[in-house]
Structures are given as C-alpha cells and as structure tokens.
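Protein chains: 2
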Amino acid sequence: MGNIIYVVGFGPGDKMYLTGQAKDAIENSDVVVGYSLYAELIKKIYPDKVYITTGMKQEIERCQICINEALAGKTVALVCSGDAGVYGMASPLLEIMENEEVEVVVVAGITAALSGAAGLGAPINHDFCLISLSDLLTPWESIEKRLRAAVEGDFAIVLYNPSSHKRKDYLMRACEIMMDAGASKDRICGYVENIGRVGEKKEILTLEKLKSTEVNMFTTVFIGNSLTYEKNGRMITKRGYK
Amino acid sequence: MGNIIYVVGFGPGDKMYLTGQAKDAIENSDVVVGYSLYAELIKKIYPDKVYITTGMKQEIERCQICINEALAGKTVALVCSGDAGVYGMASPLLEIMENEEVEVVVVAGITAALSGAAGLGAPINHDFCLISLSDLLTPWESIEKRLRAAVEGDFAIVLYNPSSHKRKDYLMRACEIMMDAGASKDRICGYVENIGRVGEKKEILTLEKLKSTEVNMFTTVFIGNSLTYEKNGRMITKRGYK
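Chains A and B supply the protein sequences, listed in that same order.
Residue numbers for the first sequence follow our numbering, so the first one is 1 and each next one is one higher.
Residue numbers for the second sequence follow our numbering, so the first one is 1001 and each next one is one higher.
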C-alpha cells in the first residue's frame, strides 16, 4: 500500500453516516488530512489516527500536503464533510495532481442535500438543483442566473452556504430573486441547521417567511418546486406530475 | 420497538456503500420490503431477513404493505437503491401515510449522482442539477424545459433514467435539446454504467459523441458545465470561476 490518497466524504459528522468504504479508507490510512473544524468530527470517531489539519480557505495547501505524504509512501485520507465531490476536495486535488505515481480514489459521502432532506421528509424527491450562495469563488451574477434558471425550470432547489458573517443578507436576496423569477410567496420551503449534530434544528415555512429568517452557515435550505406541499410536518415533493 | 418504517437508501448495492445508519435500520427490522430487483442486492448482504418484494411500478402497493406491517407492530425497512429521497420511496410513502401511530424515519443513502461522480473524478464539484429523463410520471415538455433551464444556468447536469427499452432515443433527444440551448458540442460529459457493481463501465466523452452513444437503464450520465475539463482521465468541474 501507500502512494494513495482517498478523498473521503464523511457525511454530516456522526459515525452513523459513514459508509463502509469511508470507514475502510480512514482506518487504512497512515495520516488523515483535513480542515481543522471538520477534522475534529473525525477525531471523535478515530482519536488514535495521525492528523494534519489546516485552516479555512487553505484548500490548495491541504492538497499539497496530501500529495507530499503520498509521494513519501503514505496512505492518506483527505477528509471532507458531506460528499467528497460536491463542493468538496476531489476537484482541487485532481486539478493540481501531476504525479502519476499517486493514485487518487474518491469516496462518496452523504451530502447535506440528502441528510437534510431525510430530516424534512422528501423535499427533493424529483428533479432538483444544488446552488451555493457563497460568492468567494463564484461571481454573484452567476449565482443569480442559476437561481432564476432553477425557478424557471421548476426544480426543487437546495441552497448551500446560505449565510456567513459577511453575507448575512444573501438568503434574503436569494429569496427575492426566486420570487422575482416566478416562485410564489407561499412556496413551501424548509431548512435544517446542524444536520445530525448536537443542536439540530429544522423548520418548514413559506418562501416569504424564509426571506425574513436569519440562518447560520451550518444551515442547508430547501425550496420546493411548484407542487411541493406540507403534510403532517413533512415537506413532500412528489415524484412526478401525474 | 415496532410501528416504525425506515425508508432506507442503500446506495449502489455493494455493502461498502451502506452507511452505519442504513445497516442498523435493516438489521433492526422484522421485515424488509422492496422492489424485487433491488431487494436482491440487499439479500446478498442480509440473506436471513424476511423479505416482501413487489414488481416495478408497484410503489403504492409496496408502501401499503409497509404500513400494514408497521400497524401490526413490526419494524419495517423499505429499501431503495441510491438515496431514499431522490426519486426514491420517501415521497410516495409520506404522501399516503395517514396513520399517526406509525413513525417514518428516512435514512439517506449514496445516490448515483455521488457514486457515479466519484468514479469519474469530480464532475459535479460545483452547482449542479439532477434531471430524470423518464416521462412515466413527468410530461416530456417539463423535462425539456428543465434541460434548457439547466444549460441556461450553466449548471453541471446529472441525468437519471437516460434510457429504457421504450425510450432508446431519449438521451439523444436530451443532447440535442442541450446543444440547442447553448451547450457546445465539445462540452465534456461522462457516463457510468452499473456503478459499483459487476460490469461497471465508464467513459468520458464530448456531448456530440454522447449524443450518438447508446446507454442502458443502469447508466448515470454527467454533462459538465461550460468550464468542465478532462485531465488524466478524470472529469473535473472546478469549485468556482475564479
């Protein structure tokens, strides 16, 4: 073994969301590399592994550490919350990887769209879009264009990164854009904060009420399509139109 | 225990894709209910459980069986391939559920968009849409509208149910619509057949080549966004535009 980097999606954080493949990858690794905040979640499950952690926005440094460790003969687990390939580390690693002697294996995990949906009922049980509201790497114009296209296509929509300290009003702006694009103010929406973790909080509400709701950066937001409805406290998007 | 229905997404089929939560749900159930073809995959992992299986398109009958078993005091696992809430059984069950004494717990699983993406590299590492090409429950006009909106929003796109015996030309029609909506014929695409199962097959190719490719019903198709590229045999969608 060695010379391998597993890019591992570990889901919301609790051990119960790990797949067998993710467990094997972490257990077989000599070193676990990750963003410090999320690596703490894995440390609780695997306290005896060797960890190398870096801060937020240091994605490229993190990838370079993995490559160096793998070139030194190690088996490396680069861990990501959620899925490895949905706003995850699979893409930055593969972008900078130039060493044919290092094998990269992407290990899928439960992304927040899936774990959050399970908590709310069945909000994305038909065609849907994932859109991140973070404009760190994407111009706001592109985000706005996608929000409009998603409403025009009558997709259910999942919003990642709906808020941060610097972007407190982004969810409100997104709601306004979706209404302007034709989504009714009564559209059924929902959000889940701290999915599967201590302090989990969820609510089903209208788009209008969502617009004036402040959520934090650990929240995933769901916008129904035109036929989504609430029943017995669950958000339900039908599998079809017929 | 009893009076519980777990709607369990078990991923592509192999044991390694099961989460701990899915394993617990199946192991703690008195009876496992599912579509016969996919229940076979779970039988290989858990040969000693009690199974009740039904044929394709008998979703409502399957849900009713679960409700009856749960009302009789059983703990039931309603199993779905992929995720329980992405074109899965969470929605039909919650739609017909009228019995407050039965608790429904949705257990998220690895949907084909995630497992297929892991096999191809990082094709959906930024905003993306899932669209099913099946017009059994959705009029083709809605599918076409979504394909156009997805291209106009420059989303990466994942196509589920790209083909069947009766719909051999649907992928070709979808490719034509996406090109007509502005996707370049050189757009990087990929597909994975039998993800994580015997006979897995994958290919990265242009949208033009995809248009003339015949895939089967066990295939998941990925269309890149305008910046998706191929490198060292991997399909990569960057995390942002900057």
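There could be a bad hint or two in this list.
[To be verified] Not everything, but these chain B residues come out facing chain A in the computed CB check (under 7 Å):
#, residue
1, Arg1146
2, Met1172
3, Arg1234
[As the list claims (entries may be wrong)] Restricting the straight-line Cα-Cα distance to at most 27 Å, the calculated cross-link-like pairs of lysine-lysine (DSSO-like) are:
#, chain 1, residue 1, chain 2, residue 2
4, B, Lys1057, B, Lys1168
5, A, Lys168, A, Lys231
6, B, Lys1074, B, Lys1043
7, B, Lys1057, A, Lys231
8, A, Lys15, A, Lys44
9, B, Lys1074, A, Lys231
10, B, Lys1168, A, Lys185
11, A, Lys202, A, Lys15
12, B, Lys1168, A, Lys168
13, B, Lys1057, A, Lys145
14, B, Lys1023, A, Lys23
15, A, Lys238, B, Lys1231
16, A, Lys166, B, Lys1238
17, B, Lys1202, B, Lys1185
18, B, Lys1201, A, Lys23
19, A, Lys49, A, Lys145
20, A, Lys201, A, Lys211
21, A, Lys23, B, Lys1044
22, B, Lys1166, A, Lys15
23, A, Lys201, A, Lys185
24, A, Lys43, B, Lys1057
25, A, Lys15, B, Lys1202
These aren't lab readings, by the way, just hints derived from the structure by calculation.
The model shown is predicted, which means the values in this text are computed figures rather than measured ones.
We put the CB at the ideal spot given by N, CA and C, even for glycine.
Open item on the list: Could you work out which of the previously given hints the structure breaks and list their numbers from low to high?
Closed with: 2, 5, 10, 12, 13, 15, 19, 22, 24, 25
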